[in-house]
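Enquirer: Starting from the given sequences, assemble the full structure and let the hints guide the process.
1 is the number of the first residue of the sequence shown in full-length UniProt numbering; add one for each residue after it.
Hints listed in this document are in silico derivations from the structure and should not be mistaken for laboratory results.
Bear in mind the structure is a predicted one, so any value in this text is a computation, not a measurement.
A portion of the hints provided could be inaccurate.
27 Å max Cα-Cα, derived DSSO-like pairs, lysine-lysine [said to hold, decoys possible]:
{"no.": "1", "residue 1": "Lys104", "residue 2": "Lys3"}
{"no.": "2", "residue 1": "Lys3", "residue 2": "Lys145"}
{"no.": "3", "residue 1": "Lys84", "residue 2": "Lys3"}
{"no.": "4", "residue 1": "Lys104", "residue 2": "Lys145"}
{"no.": "5", "residue 1": "Lys84", "residue 2": "Lys120"}
{"no.": "6", "residue 1": "Lys104", "residue 2": "Lys120"}
{"no.": "7", "residue 1": "Lys3", "residue 2": "Lys120"}
{"no.": "8", "residue 1": "Lys84", "residue 2": "Lys145"}
{"no.": "9", "residue 1": "Lys104", "residue 2": "Lys84"}
{"no.": "10", "residue 1": "Lys145", "residue 2": "Lys120"}
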Amino acid sequence: MAKVEILVGTTLGGTEYVADEIADQLIELGHETAIHLRPQLTDLDPNSLWIIVSSTHGAGDLPDNIVPFFDEIQANTPDLSSVKYALCAIGDSSYDTFCQGPEKLVEQLNLCGAHVFVDKIQIDVQYNPIAEEAAISWLNEWQEKI
1 MAKVEILVGT TLGGTEYVAD EIADQLIELG HETAIHLRPQ LTDLDPNSLW IIVSSTHGAG
61 DLPDNIVPFF DEIQANTPDL SSVKYALCAI GDSSYDTFCQ GPEKLVEQLN LCGAHVFVDK
121 IQIDVQYNPI AEEAAISWLN EWQEKI
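Expert: Structure (structure tokens):
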């Protein structure tokens, strides 16, 4: 089965719950998972699938725990052409910066050559107060491709 790296951007911990649910489902399917609450490029396997689970903080920013990773790839522009990723962005549509933080991260991944594995999901907590449920529904749509 596949190895899946789960990169988490969280401010209050809610996004971590979503990442845990995704990891649990993948483990049940026989995949190996690793959750990274403070991801560093040297800890990530570029040949595995990366699932980014992140909220937006402040005025469209990434949560503080994932900013050093973003800064690292922005400053060094590493070759990530072997990386495939999926984005699970979580936000509140009552803000005009809805899900913009994670978009900045995937934009930088794309500049480094990474490839989108499946269509992203943007979970709006206004309509999906239990974000884990929406994330698992999204995963169910494409988990057979892993």
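Enquirer: Lys84 and Lys120: Cα distance at most 27 Å?
Expert: It holds: about 12 Å lies between the C-alpha atoms, which stays within 27 Å.
Enquirer: Holds or violated: Lys104 with Lys3, Cα cutoff 27 Å?
Expert: 25 Å, holds
Enquirer: Given the hinted pair Lys104 and Lys84, is their alpha-carbon gap at most 27 Å?
Expert: 17 Å, holds
Enquirer: Keeping to a limit of 27 Å between CA atoms, is the pair of Lys145 and Lys120 held or broken?
Expert: 15 Å, holds
Enquirer: Just to be careful, I want the Cα atoms of Lys84 and Lys145 compared with a cutoff of 27 Å; is the pair within it?
Expert: 12 Å, holds
Enquirer: Within a Cα-Cα threshold of 27 Å, do Lys104 and Lys145 meet the stated pairing?
Expert: Holds - the C-alpha atoms of Lys145 and Lys104 are around 26 Å apart, at most 27 Å.
Enquirer: Checking one constraint from the list: CA of Lys84 to CA of Lys3, max 27 Å. Satisfied?
Expert: 12 Å, holds
Enquirer: Is Lys3 within 27 Å of Lys120, Cα to Cα?
Expert: 19 Å, holds
Enquirer: Does the structure keep Lys104 and Lys120 at a Cα separation of 27 Å or less?
Expert: Holds, because 14 Å separates the two Cα atoms, which is no more than 27 Å.
Enquirer: What's the verdict on Lys3 and Lys145, does the C-alpha distance respect the 27 Å limit or exceed it?
Expert: 13 Å, holds
Violated hints for the displayed structure: none, as all numbered hints are satisfied.
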